[in-house]
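Under my numbering, the sequence shown has 127 at position 100, and the numbering climbs by one with no breaks.
Since the hints were derived computationally from the structure, they do not count as laboratory data.
We put the beta carbon where it would ideally sit given N, CA and C, even for glycine.
Please note that a few of the clues may not be correct.
[To be verified] Using C-beta positions, here's what the derived DEER-type ranges look like:
#, residue 1, residue 2, range
1, G134, K199, 14 to 20 Å
2, D54, P248, 47 to 53 Å
3, E245, G159, 36 to 42 Å
4, P96, V148, 37 to 43 Å
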Amino acid sequence: MRPAIISVSPPAGVDGGEVIITCRDLDTSRFGRFRVLFGNVAGRIVGASPHRVTVAVPGEAGREPQPVPLVIEVNGERSPSVPFLVGRLIATELHPVTNPAYDVESGYIYVTYSGSRGQKVPCSIYRISPLGEKSEFLHDIMNATAIAFDREGTMFVTSRYDGTVYRISPFKEAEPFARDLGIATGLAFDREGRMFVGDRSGTIFAVNEIGEATPFAELEPSVSAYHLAFGPDGHLYVTGPTASSNESIYRISPDGEVGFFFTGLG
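Turn these sequences into a full structure, and let the hints guide you.
Put into structure tokens, the structure is as follows:
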């Protein structure tokens, strides 16, 4: 019987990421003739049952910037396809501790080479052009960690080495904007333009327009970094790896009330 795909979660992934496919009419008894194809590239099967398949995304399938057809093939018979978006590799030899930042005006992506704590690296921040060309951008920040742009397009960068947020001038000069922020990692701006900085020791700081910081929320400390992003609801969403094997996404209200948005991540 021809297999059928009911759902795919998540609908996008990168090389090595695991995808869960819910399906029906899947015969796994002849495993050697059973494949999951991303376009024309087979993914590595992690686990399978008649109603569920876990498969690793093959990076070779992400060479085009559009979705590829995902199908299950059993004994030469293929399921109807569903679209799946495979992330395309655009740059290597970087060391991003948190997410990169995108400049909407220039189309450039900015990403750090952070280095180990206290390590001085040749280049702190690289930029990647819309054509995928990587070039050096900034050299002066020790352990550059998070990058974000404010509403005026000014770049700000945290340093987990000295607990400082730096403001980057149009001439690529890094000047301290806010200090004494612990092990400063994640960085984000809300819709009003307020800055928020995550000290991985357990504090989220709110920083005003002149660089004065006040504690905004307290979380469980992270072993590496906090990652901050604002949702369309105006709440701040935070992740940060801990020693637990059951990680959570925090949701923090505009008043600093901390709750759980999702729990159960590895």
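Task: Which numbered hints fail - done: none
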